[in-house]
Amino acid sequence: MLFELNLPPCPEANARASHSVWAAAAERHKSAFGKLKLNQRIFLMTASVLFACIVYWISAILYKHQVDFLVPYIGFSYAALLLICNGYWGFHSMKRQILMQRHYRNSCLAPASVFFANNRGFHQMYQNDGYEVRCTWKSVLEIRHHPRTGDIILDMGTSFIVLPPEVFADENEQQKFLKAIRKWQYIAHRESRLK
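Residues in the sequence shown are numbered consecutively from 0, following numbering that gives the first Met the number 0.
Since the hints were derived computationally from the structure, they do not count as laboratory data.
One thing to keep in mind: the hints can contain errors.
Unchecked claim - Derived DSS-like pairs: lysine-lysine, alpha-carbon spacing no greater than 25 Å straight-line:
(1) K137 <-> K182
(2) K194 <-> K182
(3) K137 <-> K194
(4) K175 <-> K137
(5) K178 <-> K137
As the list claims (entries may be wrong) - Distance ranges between label pairs, derived from CB positions:
(6) S138 <-> V113: 16 to 22 Å
(7) E190 <-> F42: 50 to 56 Å
(8) K182 <-> L49: 57 to 63 Å
(9) I142 <-> Q39: 33 to 39 Å
(10) R189 <-> C84: 46 to 52 Å
(11) T148 <-> L82: 40 to 46 Å
(12) Y130 <-> A51: 53 to 59 Å
It should be emphasised that the depicted structure is a prediction, and the values quoted were computed from it without experimental measurement.
Quick reminder that beta carbons are idealized off the backbone N, C-alpha and C, glycines included.
Use the sequences and the hints to build the structure in full.
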């Protein structure tokens with residue numbers, strides 16, 4: 000069985016798929032701390048450092064130390080706060096940039112192409128520059144069918160291919176295609192595990 004689909008330039012479908020893949024890759028673990036926004040987390044860290052400084056100040060008063068006793072603790076706490084906040088912000092912005100760069104190419108204007116699929120794999124030929132993508136079903140990590148938009152996304156890890164619902168004649172053909180490629184992917188992954 001061979002599928003041949005003519006894909007028009009579809010930047011909006013690629014942008015939707017890029018967002019979908021990026022959102023799935025950037026999922027957060029469920030925790031109470033994870034539900035807070037970044038500014039709330041920074042405020043929480045600042046409040047905890049200020050609380051520690053107040054505790055040091057009260058202990059200095061109770062044990063009749065001089066106020067200079069607090070200077071190293073306050074300086075260390077402030078430096079630790081800056082390090083934690085900037086490190087946390089830097090990590091999240093860097094992670095976001097890496098994920099956005101990973102899928103930037105796919106959210107750009109994609110030229111018209113022809114997509115071929117059979118049981119060995121698929122390839123996509125772009126019509127304007129002769130660029131060609133070939134892939135076996137073993138290297139496809141995930142096949143997604145977006146329920147709201149109807150897009151079929153073939154995620155290969157470093158890139159993905161979007162097949163909008165407009166390229167299929169009807170819903171029946173789309174479901175037939177989806178069933179066939181999922182079957183081919185399952186067989187390819189099973190054979191690679193048996194080797």
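Comparing the hints with the structure gives:
1. K137 <-> K182: holds (12 Å)
2. K194 <-> K182: holds (19 Å)
3. K137 <-> K194: Status holds; Cα separation ~13 Å.
4. K175 <-> K137: With a Cα-Cα distance of about 20 Å, the restraint between K175 and K137 holds, given a limit of 25 Å.
5. K178 <-> K137: Distance ~16 Å between K178 and K137 Cα, so the pair holds.
6. S138 <-> V113: 16 to 22 Å: holds (20 Å)
7. E190 <-> F42: 50 to 56 Å: holds (53 Å)
8. K182 <-> L49: 57 to 63 Å: holds (60 Å)
9. I142 <-> Q39: 33 to 39 Å: Distance hint for I142, Q39 holds at roughly 37 Å.
10. R189 <-> C84: 46 to 52 Å: At roughly 48 Å between Cβ atoms, C84 and R189 fall inside 46 to 52 Å, so the hint holds.
11. T148 <-> L82: 40 to 46 Å: holds (43 Å)
12. Y130 <-> A51: 53 to 59 Å: holds (58 Å)
Comparing the model with each earlier hint shows no violations; every hint is respected.
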